[in-house]
Amino acid sequence: MKNKTLPRQSWTFDEYTNSEIRRAAETGIYDIRGGGSKRRLPHFDDLLFLGASMSRYPLEGYREKCTTNVTLGTKYAKKPLELDIPITIAGMSFGALSGPAKEALGRGASAAGTSTTTGDGGMTPEERGQSKNLIYQLLPSRYGMNPNDLRKADAIEVVIGQGAKPGGGGMLLGQKIDDRVAEMRTLPKGIDQRSACRHPDWTGPDDLKIKILELREITKWKVPIFIKIAGARPYYDTALAVKAGADVVVLDGMQGGTAATQEVFIENVGQPTLACIRPAVDALQDLNSHREVQLIISGGIRNGADVAKALALGADAVSIGSAAMIAIGDNDPKWEKEYEKLGSKAGAYDDWHEGNDPAGISTQKPELMKRLDPKKAGKKLSNYLKVMSLEAQTIARACGKNSLHNLEPEDLCALTVEAAAMARVPLAGTSWVPGIKKK
Amino acid sequence: MNLDLKKLKLRSVNEKLQSIDRKTNSRKFTISNPEGNHAICAGLTENIEITIKGHVGYYCAGMNQNANIIVDGNVGTGVAENMMSGKVHVKGNASQSAGATAHGGTLIVDGDTSSRCGISMKGIDIIVKGSVGHMSAFMAQSGNLVVFGNAGEALGDSLYETNIYVKGKVKSLGADCEEKKMDKKHKSKLKELLKKVGSNIKPDQFKRYGSARKLYNFNIDNVSNY
Numbered sequence: 001m002k003n004k005t006l007p008r009q010s011w012t013f014d015e016y017t018n019s020e021i022r023r024a025a026e027t028g029i030y031d032i033r034g035g036g037s038k039r040r041l042p043h044f045d046d047l048l049f050l051g052a053s054m055s056r057y058p059l060e061g062y063r064e065k066c067t068t069n070v071t072l073g074t075k076y077a078k079k080p081l082e083l084d085i086p087i088t089i090a091g092m093s094f095g096a097l098s099g100p101a102k103e104a105l106g107r108g109a110s111a112a113g114t115s116t117t118t119g120d121g122g123m124t125p126e127e128r129g130q131s132k133n134l135i136y137q138l139l140p141s142r143y144g145m146n147p148n149d150l151r152k153a154d155a156i157e158v159v160i161g162q163g164a165k166p167g168g169g170g171m172l173l174g175q176k177i178d179d180r181v182a183e184m185r186t187l188p189k190g191i192d193q194r195s196a197c198r199h200p201d202w203t204g205p206d207d208l209k210i211k212i213l214e215l216r217e218i219t220k221w222k223v224p225i226f227i228k229i230a231g232a233r234p235y236y237d238t239a240l241a242v243k244a245g246a247d248v249v250v251l252d253g254m255q256g257g258t259a260a261t262q263e264v265f266i267e268n269v270g271q272p273t274l275a276c277i278r279p280a281v282d283a284l285q286d287l288n289s290h291r292e293v294q295l296i297i298s299g300g301i302r303n304g305a306d307v308a309k310a311l312a313l314g315a316d317a318v319s320i321g322s323a324a325m326i327a328i329g330d331n332d333p334k335w336e337k338e339y340e341k342l343g344s345k346a347g348a349y350d351d352w353h354e355g356n357d358p359a360g361i362s363t364q365k366p367e368l369m370k371r372l373d374p375k376k377a378g379k380k381l382s383n384y385l386k387v388m389s390l391e392a393q394t395i396a397r398a399c400g401k402n403s404l405h406n407l408e409p410e411d412l413c414a415l416t417v418e419a420a421a422m423a424r425v426p427l428a429g430t431s432w433v434p435g436i437k438k439k
Numbered sequence: 440m441n442l443d444l445k446k447l448k449l450r451s452v453n454e455k456l457q458s459i460d461r462k463t464n465s466r467k468f469t470i471s472n473p474e475g476n477h478a479i480c481a482g483l484t485e486n487i488e489i490t491i492k493g494h495v496g497y498y499c500a501g502m503n504q505n506a507n508i509i510v511d512g513n514v515g516t517g518v519a520e521n522m523m524s525g526k527v528h529v530k531g532n533a534s535q536s537a538g539a540t541a542h543g544g545t546l547i548v549d550g551d552t553s554s555r556c557g558i559s560m561k562g563i564d565i566i567v568k569g570s571v572g573h574m575s576a577f578m579a580q581s582g583n584l585v586v587f588g589n590a591g592e593a594l595g596d597s598l599y600e601t602n603i604y605v606k607g608k609v610k611s612l613g614a615d616c617e618e619k620k621m622d623k624k625h626k627s628k629l630k631e632l633l634k635k636v637g638s639n640i641k642p643d644q645f646k647r648y649g650s651a652r653k654l655y656n657f658n659i660d661n662v663s664n665y
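Same order as they appear, the protein sequences are chains A and B.
Quick note on numbering: this note's numbering labels position 105 of the first sequence as 105, and the sequence is numbered without any gaps.
Here this note's numbering runs 439 ahead of the position in the second sequence, where the first position is 1.
Excised from the complex, chain B in its bound form:
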């Protein structure tokens, strides 16, 4: 079923996708003429597949649960923010705060993401085939961030337990983020993540970054790092 945002209002498009009748309705949708609209596919709960044909604005697929959303274009700030489950695949580039605070599911960006990709992420897997901007994975709590390209300044600043894998160069690491040993467990997890995007790149080509855990409990001797 096609939903044309030139003819339909955002509320009716989202209402349709938020109120799927499990027995009767089709499970495949396309959205045409998104024209940079915000909050498209926000708050979906069902295991449906949606292809958005064009560029979208802020918070596309916000708080997604179960849905599989493909954006055939670029996305604005906060794509898949606070996602709980499901999959969001951006074929273009993503703006700031991609996958912010998301608890689960998978976000794939074929292009680059701007600053603060994966900020405060809480369990999501984010795979960026291009590069990520500055302050990515800031205060990231859990989950995995995989970057095929480069990472900007202050990667993983004030990091908690997220694993970051970068194949390219890292401009600088943020406070309490350090390069970590890539052991068998991490290689196997990374291999699994690479498989999700059909990549044959060997995990050995990535470096792993994680928390040095020095800022986990306040200590005045570390004050210059806060």
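In isolation and in its complexed conformation, chain A is listed as follows:
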């Protein structure tokens, strides 16, 4: 036959989908993985800065000042967190990550003048020792929660949700529960550790207000209290966090990573980071709290441009998790052969829950952990954080701003209708902001 049509793969039943159907049929269990959403989503890439022009003049790169520092927790705390750069390290647990990896995050953050955050597993001495500014998370499981550590923290973060799984708890599989992790979490070695999705001693924002009062009483009102929410209902969640008495709201979009949860959860629950920022800022402005209660945005922040865009849309700072892991060596192509043995490849490896990470980061196996030198890895992280800050400054100066925090939505345009609607900036080449009626 001369005119045979080419074999046609279904758009609906693509190769990845079919492989997942076959895997589910064979194993009888849903797919669990780490990381955040991998699907194509409207993101900061869909925004561009306009730069200076006839109507505004730029600042001289490297020579004219462009400040990056930020103070978090100015509303209630006696000792707000003073950071040199508006990029913090997100909460990642000891248990999910190795001790050397946590130490590296602390070292890198401290060298770059910013903060790092504990996770669902308590505070380790390595992390506290190496972190100038350490935020202590209060999670539903309360694994390792200890008032002595609470009083050592520079801020407390009450975790309501994570962008990767709004409304979901966690699971640390038995493979990663060695003696030390088990002891810190008061559970037997080798069993799956389920983390609850709701806090054990409060259920709504009215209760949370009282919980925050208790935390402030225990820490003598010294340190800021952050509330971390997932990108679910950003306007109302932010408003309720402010009402509950937060000093800082941390808002994590669906590209934000997790140590482990169901693929179906990661890819189908929550909103993209870009879609969350403006509603959260609206809530803060409606309550006359914008800049008084600070907003930290996380979920898919990768470079200085993303930082600048998040700040231009109204955030006070951003937080990175996945990017920090990559900076210290996660998914490095130098381990390609080992990723292949695990059925993956560098850049795609996400079976962090299995504890076999060739890079020695998401593992508790001593022979793998040894591969990560916390000093060298910490240096890489501080380099990366400094590069991001320089990149953000480069953009801010080009927009004529002497502080990253002076960037504003007016500096931006969007490449797609979706991004224009979410960020509420005009579609490039037009004055059209979808969804906004002209007065």
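No lab work stands behind these hints: they were computed from the structure.
Be aware that a few hints might be false.
Cross-link-like lysine-lysine pairs, in silico, DSBU-like; alpha carbons within 30 Å at most [as the list claims (entries may be wrong)]: (1) B:Lys623 x B:Lys653; (2) B:Lys568 x B:Lys462; (3) B:Lys653 x B:Lys530; (4) A:Lys79 x A:Lys386; (5) A:Lys78 x B:Lys448; (6) B:Lys445 x A:Lys78; (7) A:Lys220 x A:Lys189; (8) A:Lys152 x B:Lys526; (9) A:Lys75 x B:Lys446; (10) B:Lys455 x A:Lys78; (11) A:Lys376 x A:Lys152; (12) A:Lys189 x A:Lys152; (13) A:Lys79 x B:Lys446; (14) A:Lys222 x B:Lys526; (15) A:Lys189 x B:Lys619; (16) A:Lys375 x A:Lys79; (17) B:Lys623 x B:Lys646; (18) A:Lys132 x A:Lys79; (19) A:Lys152 x B:Lys467; (20) B:Lys628 x B:Lys641; (21) B:Lys526 x A:Lys220; (22) A:Lys337 x A:Lys380; (23) A:Lys345 x A:Lys370; (24) B:Lys623 x B:Lys608; (25) B:Lys623 x B:Lys606; (26) A:Lys209 x B:Lys455; (27) B:Lys448 x A:Lys209; (28) B:Lys526 x B:Lys446; (29) A:Lys220 x B:Lys445; (30) B:Lys462 x A:Lys220; (31) B:Lys628 x A:Lys209; (32) A:Lys222 x B:Lys455; (33) B:Lys620 x B:Lys653; (34) B:Lys462 x A:Lys152; (35) A:Lys152 x B:Lys623; (36) B:Lys448 x A:Lys220; (37) B:Lys526 x B:Lys635.
Here chain A is said to cover these stretches of chain B; the calculated rule only asks that three of the stretch's residues, wherever they fall, bring their Cβ under 8 Å from a Cβ of chain A [stated by the list, open to error]: (38) 450-460; (39) 518-527; (40) 539-546.
All values derive from a computational prediction rather than experimental measurement.
Even glycine gets a Cβ: it sits at the ideal position worked out from N, Cα and C.
Here the structure of chain A is known, so what remains is to put chain B in place on it, guided by the hints.
Just chain B, lined up with the frame of chain A:
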């Protein structure tokens, strides 16, 4: 020394109790007019004795370390939550999540407790002379829960290694919780706990409940129990 919450602010009462000078200060305190205030005696660290005369709100004695706190009244949600050590004795009833996530020490409730008593408890001993509400000892990890009265629905759901002793009726057991044999070791531990509250009840009158440990490692065949 008496601290009157009608005259003093919560912060100054807690500050006083959190900053005890071991050499000079007295070690016995009373708090009058608590009037349902929240977070009274939160974050104490010293071995002092405090009697609160009246009803209190949420998180009384939260994260307590070493202090001996008596509440001559009822308590709100989360009494002695995340307690590390010391003793909290409630002479009335307790609301939800009594002793939640607590790592150590002893919580005694003379009356009843509401739902989720001992939720995610991590080593505390809780002794309830009345009954406990539904979902008590949910995801409880370690320690002992002793109930003189009855237990509500789904006792010990998703339980880890906590031992639960109930003298009365249990409405239903939660996922992965089952009645266990009461051996010599458990009888002796229970006797010790009963002694703490001056009870002469024989351990034989209690039944012990613990984890069946079937949900400890994920298995698709157990999916209906998750």
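Hints, verified against the model:
{"no.": "1", "hint": "B:Lys623 x B:Lys653", "verdict": "24 Å, holds"}
{"no.": "2", "hint": "B:Lys568 x B:Lys462", "verdict": "37 Å, violated"}
{"no.": "3", "hint": "B:Lys653 x B:Lys530", "verdict": "38 Å, violated"}
{"no.": "4", "hint": "A:Lys79 x A:Lys386", "verdict": "25 Å, holds"}
{"no.": "5", "hint": "A:Lys78 x B:Lys448", "verdict": "18 Å, holds"}
{"no.": "6", "hint": "B:Lys445 x A:Lys78", "verdict": "26 Å, holds"}
{"no.": "7", "hint": "A:Lys220 x A:Lys189", "verdict": "36 Å, violated"}
{"no.": "8", "hint": "A:Lys152 x B:Lys526", "verdict": "24 Å, holds"}
{"no.": "9", "hint": "A:Lys75 x B:Lys446", "verdict": "27 Å, holds"}
{"no.": "10", "hint": "B:Lys455 x A:Lys78", "verdict": "19 Å, holds"}
{"no.": "11", "hint": "A:Lys376 x A:Lys152", "verdict": "26 Å, holds"}
{"no.": "12", "hint": "A:Lys189 x A:Lys152", "verdict": "28 Å, holds"}
{"no.": "13", "hint": "A:Lys79 x B:Lys446", "verdict": "28 Å, holds"}
{"no.": "14", "hint": "A:Lys222 x B:Lys526", "verdict": "27 Å, holds"}
{"no.": "15", "hint": "A:Lys189 x B:Lys619", "verdict": "22 Å, holds"}
{"no.": "16", "hint": "A:Lys375 x A:Lys79", "verdict": "29 Å, holds"}
{"no.": "17", "hint": "B:Lys623 x B:Lys646", "verdict": "13 Å, holds"}
{"no.": "18", "hint": "A:Lys132 x A:Lys79", "verdict": "14 Å, holds"}
{"no.": "19", "hint": "A:Lys152 x B:Lys467", "verdict": "28 Å, holds"}
{"no.": "20", "hint": "B:Lys628 x B:Lys641", "verdict": "12 Å, holds"}
{"no.": "21", "hint": "B:Lys526 x A:Lys220", "verdict": "22 Å, holds"}
{"no.": "22", "hint": "A:Lys337 x A:Lys380", "verdict": "23 Å, holds"}
{"no.": "23", "hint": "A:Lys345 x A:Lys370", "verdict": "21 Å, holds"}
{"no.": "24", "hint": "B:Lys623 x B:Lys608", "verdict": "23 Å, holds"}
{"no.": "25", "hint": "B:Lys623 x B:Lys606", "verdict": "17 Å, holds"}
{"no.": "26", "hint": "A:Lys209 x B:Lys455", "verdict": "23 Å, holds"}
{"no.": "27", "hint": "B:Lys448 x A:Lys209", "verdict": "18 Å, holds"}
{"no.": "28", "hint": "B:Lys526 x B:Lys446", "verdict": "27 Å, holds"}
{"no.": "29", "hint": "A:Lys220 x B:Lys445", "verdict": "20 Å, holds"}
{"no.": "30", "hint": "B:Lys462 x A:Lys220", "verdict": "22 Å, holds"}
{"no.": "31", "hint": "B:Lys628 x A:Lys209", "verdict": "39 Å, violated"}
{"no.": "32", "hint": "A:Lys222 x B:Lys455", "verdict": "16 Å, holds"}
{"no.": "33", "hint": "B:Lys620 x B:Lys653", "verdict": "17 Å, holds"}
{"no.": "34", "hint": "B:Lys462 x A:Lys152", "verdict": "25 Å, holds"}
{"no.": "35", "hint": "A:Lys152 x B:Lys623", "verdict": "42 Å, violated"}
{"no.": "36", "hint": "B:Lys448 x A:Lys220", "verdict": "13 Å, holds"}
{"no.": "37", "hint": "B:Lys526 x B:Lys635", "verdict": "11 Å, holds"}
{"no.": "38", "hint": "450-460", "verdict": "holds (count 4)"}
{"no.": "39", "hint": "518-527", "verdict": "holds (count 3)"}
{"no.": "40", "hint": "539-546", "verdict": "holds (count 3)"}
Checked against the numbered hints above, the structure violates hints 2, 3, 7, 31, 35; every other hint is satisfied.
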